[in-house]
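Novice: Chains as they are written, first to last, in this note's numbering: chain A, 1 to 203; chain B, 204 to 862.
A couple of the hints might just be wrong.
[Claimed, not checked] Covered, in the sense of this in silico footprint (three residues per stretch, anywhere, with C-beta under 8 Å from a C-beta of chain B), are these stretches of chain A: (1) 26-33; (2) 77-90; (3) 142-153.
Derived by calculation from the structure, the hints in this document are not laboratory data. Values in this document were obtained by computation on a predicted structure and should not be read as measured data. From the three backbone atoms N, C-alpha and C, an ideal C-beta is built for every residue, glycine too.
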Amino acid sequence: MGIAIVIILVVLALIILLSIGWLVGIFNRLVRLRNRFQNAFAQIEVQLKRRHDLIPNLVETAKGYMRHERETLEAVISARNQAVGGLEQAAKDPGNAAAMQGLMGAEGALSGALGRLFAVMEAYPDLKANQNMMQLSEELTSTENKVAFSRQAFNDAVTAYNTYKQSFPAIIFAGMFGHAQDATLLEFEDREAIQEPPKVSFS
Amino acid sequence: MAMDFFESQDAARRNTGRLVILFVLAVIAIMIAIYLLVALLFGVGGGYAEIEGSRRAALLLDWRLMAAVGAITLAVVGLGSLYKMAQLRAGGGFVAESLGGALIHPETTDPVERRVLNVVEEMAIASGTPCPPVYMLGDEKGINAFAAGFSPEDACIGVTRGCAEQLSRDQLQGVIAHEFSHILNGDMRLNIRLIGILNGILVVGIIGYFILRSSFYAGGASRRSGKRDGAGAILLLGAGLAVIGFVGTFFGNWIKAAVSRQREFLADASAVQFTRNPSGIAGALKRIGGYAPGAKVESPNAPEASHMFFGRAITSGLNSIFATHPPLPVRIERLEPSWDGEFITTGPAPEPEAAKAPGAPRAHEARAAAIAGLVGAAAAERPAPPRVSAVKQIGRPTQEHIDHAARLIQRIPAQVANAARESYGARAVVYGLLINREPAPRRVQTDRLDEHADRGVCRLTAELLPALENLSRELRLPLVDLALPALRNLSPPQYAVFKQNVQALVDADGKIDLFEWALQRIILRHLEPQFSRVKPPVTHYYALRRLGRQCSALLSTLAYVGHRDRAAAQRAFSLAISRLAVRSASMLPPEACTMQALDEALHDLNRTTPRLKKQILTACAACVSADREVTVDEAELFRALCDGLSCPMPPLLPGQPLG
Numbered sequence: 001m002g003i004a005i006v007i008i009l010v011v012l013a014l015i016i017l018l019s020i021g022w023l024v025g026i027f028n029r030l031v032r033l034r035n036r037f038q039n040a041f042a043q044i045e046v047q048l049k050r051r052h053d054l055i056p057n058l059v060e061t062a063k064g065y066m067r068h069e070r071e072t073l074e075a076v077i078s079a080r081n082q083a084v085g086g087l088e089q090a091a092k093d094p095g096n097a098a099a100m101q102g103l104m105g106a107e108g109a110l111s112g113a114l115g116r117l118f119a120v121m122e123a124y125p126d127l128k129a130n131q132n133m134m135q136l137s138e139e140l141t142s143t144e145n146k147v148a149f150s151r152q153a154f155n156d157a158v159t160a161y162n163t164y165k166q167s168f169p170a171i172i173f174a175g176m177f178g179h180a181q182d183a184t185l186l187e188f189e190d191r192e193a194i195q196e197p198p199k200v201s202f203s
Numbered sequence: 204m205a206m207d208f209f210e211s212q213d214a215a216r217r218n219t220g221r222l223v224i225l226f227v228l229a230v231i232a233i234m235i236a237i238y239l240l241v242a243l244l245f246g247v248g249g250g251y252a253e254i255e256g257s258r259r260a261a262l263l264l265d266w267r268l269m270a271a272v273g274a275i276t277l278a279v280v281g282l283g284s285l286y287k288m289a290q291l292r293a294g295g296g297f298v299a300e301s302l303g304g305a306l307i308h309p310e311t312t313d314p315v316e317r318r319v320l321n322v323v324e325e326m327a328i329a330s331g332t333p334c335p336p337v338y339m340l341g342d343e344k345g346i347n348a349f350a351a352g353f354s355p356e357d358a359c360i361g362v363t364r365g366c367a368e369q370l371s372r373d374q375l376q377g378v379i380a381h382e383f384s385h386i387l388n389g390d391m392r393l394n395i396r397l398i399g400i401l402n403g404i405l406v407v408g409i410i411g412y413f414i415l416r417s418s419f420y421a422g423g424a425s426r427r428s429g430k431r432d433g434a435g436a437i438l439l440l441g442a443g444l445a446v447i448g449f450v451g452t453f454f455g456n457w458i459k460a461a462v463s464r465q466r467e468f469l470a471d472a473s474a475v476q477f478t479r480n481p482s483g484i485a486g487a488l489k490r491i492g493g494y495a496p497g498a499k500v501e502s503p504n505a506p507e508a509s510h511m512f513f514g515r516a517i518t519s520g521l522n523s524i525f526a527t528h529p530p531l532p533v534r535i536e537r538l539e540p541s542w543d544g545e546f547i548t549t550g551p552a553p554e555p556e557a558a559k560a561p562g563a564p565r566a567h568e569a570r571a572a573a574i575a576g577l578v579g580a581a582a583a584e585r586p587a588p589p590r591v592s593a594v595k596q597i598g599r600p601t602q603e604h605i606d607h608a609a610r611l612i613q614r615i616p617a618q619v620a621n622a623a624r625e626s627y628g629a630r631a632v633v634y635g636l637l638i639n640r641e642p643a644p645r646r647v648q649t650d651r652l653d654e655h656a657d658r659g660v661c662r663l664t665a666e667l668l669p670a671l672e673n674l675s676r677e678l679r680l681p682l683v684d685l686a687l688p689a690l691r692n693l694s695p696p697q698y699a700v701f702k703q704n705v706q707a708l709v710d711a712d713g714k715i716d717l718f719e720w721a722l723q724r725i726i727l728r729h730l731e732p733q734f735s736r737v738k739p740p741v742t743h744y745y746a747l748r749r750l751g752r753q754c755s756a757l758l759s760t761l762a763y764v765g766h767r768d769r770a771a772a773q774r775a776f777s778l779a780i781s782r783l784a785v786r787s788a789s790m791l792p793p794e795a796c797t798m799q800a801l802d803e804a805l806h807d808l809n810r811t812t813p814r815l816k817k818q819i820l821t822a823c824a825a826c827v828s829a830d831r832e833v834t835v836d837e838a839e840l841f842r843a844l845c846d847g848l849s850c851p852m853p854p855l856l857p858g859q860p861l862g
């Protein structure tokens, strides 16, 4: 009789142990997937920062030629400053819906302002021929390609996280383990402007 | 005294084997202890007290009870161990992240992070391993670092913020060399087994604790209802199990700490051997001693990983037996016998780290002569070209290799090196390396890229192409090593496209040349585990006898690559094969030496013991150097073979013999 109780108890303990292990597995997997998309965001951050750093130089170069376009230039600068703030917010909590919306809005506005700048620039052949300007817009183009690319990697990671989180059995425990919110994909409003980088036709 | 790479890999394997034996003994002891406990409690205490002595003794040897207790104990301990090991096998990155690390982006512009990455890059190329990903523990002020992962392929390095900021470049190099030696010595495999075993024993204690608690409550209830004979015994059983488990864990921790301390001394010594600069690593230890936060790591997961760190990450009351690391003064004195006992209390003067051009000859070049006496004869013959053979230096890079690696990195055009360090450009670099010079296959390749690769990457490939085509050939594989960390950051769908494109580029001209084969092999070997589950190779062969076919394929290919004339190739082959104890080996005809055959041969040969690998590589070296001439093709193939056998080979130094 005593032995039977012991065996039952030990089997019970074993089952509990296994289920704890199983839960730990789910917990770890959630953490790992979240870390992965947060790391992927760091990659976007590097590229967006580079883009933001390029813009003041670009504006500085354009200033000398475009005396009558102060508003366009100022719009670019203020959109850039907005975007810097949006990026800071987003970097604190990648995947957070509000932060991502803010970043998307700010980056969209920046792309729009840049698009207008490049459109206006068409009227200034000297500026387009400027060596410095050519280099800057080339670098901007390649940076935007990189942004698009790392955004794709980020969105892949976010999708993997959300999919796992919403599938059985993780869906039961995700909330309990602090993964209540789905992570938000990063889609830039003005996608055309990013994927088709500002047409720099002076090459 | 200094073991070579193969010996220390073998030793790590043997030590692991010894630990397994110890573990089996420990489990048997635990089984006996538990059986005695159960038999005494339920045999003697549980209502059988009236049974006379001889029957009681017979009960103590009840085989059914013994079998049941044994099986259950085994299951519990085994499951506990396997679970933990499976978790740790998930890869170094997982361990790093659970300690609060964030990946340092390969393209970072932060000067502190850049410096860490540069030091790791140099060390990786110097030792012939691909750059491991580096994690920064951004919130940790203490000076510490660790290496994690199951094998060199999935290893990663972590450094604390304090380590990156408070150490000078030489000190940092010493620390990174220490961590690399953990990777190269196979310490991580040992560590994972240790943690797993401990966890299994710990589980026994946890179950005991659980029974103790639950029967305590149940006991309270049954006391009220008046029946208490079984409950008392179960309470005692729980207490007994808890004691057995915790005593087991106590001794386990003791063994773990003892093993760990030995490995730390070994890694310190290896770090000096790599960098030829004892003042670097000794300086780092002195800085820890003179720095208020010391080597402490605050992360709640630190105790479990304490033995992976460079310095003592946690402090416990029972310092001397449970310390995973020897005390700082002891470690420093082993490195610098003339140490005056002074710690370093101030951080380094800010050293400007050129973002792209690491590794100009540094101060320790000049210091080398002064320390020659300390590190033995090898350093004394420094100005002369190295005489040590390449096979002997596998897994044992030296300061020459680190400087050579820094020079190699410097010779890669900045545009190409920068592209290789970020995942966007790294793909373009690899594509560009595969683009054929002949117009016809080249057109096939560019069409393929236009159609399937990202447009920006195509353009970048075209931009990099002139630089890549002018790149001297010995820089090509180091460039691939440099690109690997960035390629690890691809998302799985992006990697799938990349892999298909690489395959298409390789297939474009209908034949595979050696470089294409080596490149594709290195990429797949190091990236595939990142994106899909790949089983680590299990040692399968303990003698070469049955591997005649595989050895023939390997050596025949090598012989044809290095010798134009068939007779010379035959001579090289015979010379090499005579060094191996194989049965039924004969030179294959050239048409049988396909890359596929080579792949299959390597797959089998990688499943041999380190000692056999050394013999195989020595034979390969003999084959290559039979004509006293090592061509770049041969060197690249040899390097790829070493990589295929999981033996990291440092880059060949000018004038260095192979075998």
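Novice: Next, verify each hint and record whether it holds.
Specialist: Checked hints:
1. 26-33: Per the Cβ count (3), the hint holds.
2. 77-90: violated (count 0)
3. 142-153: holds (count 8)
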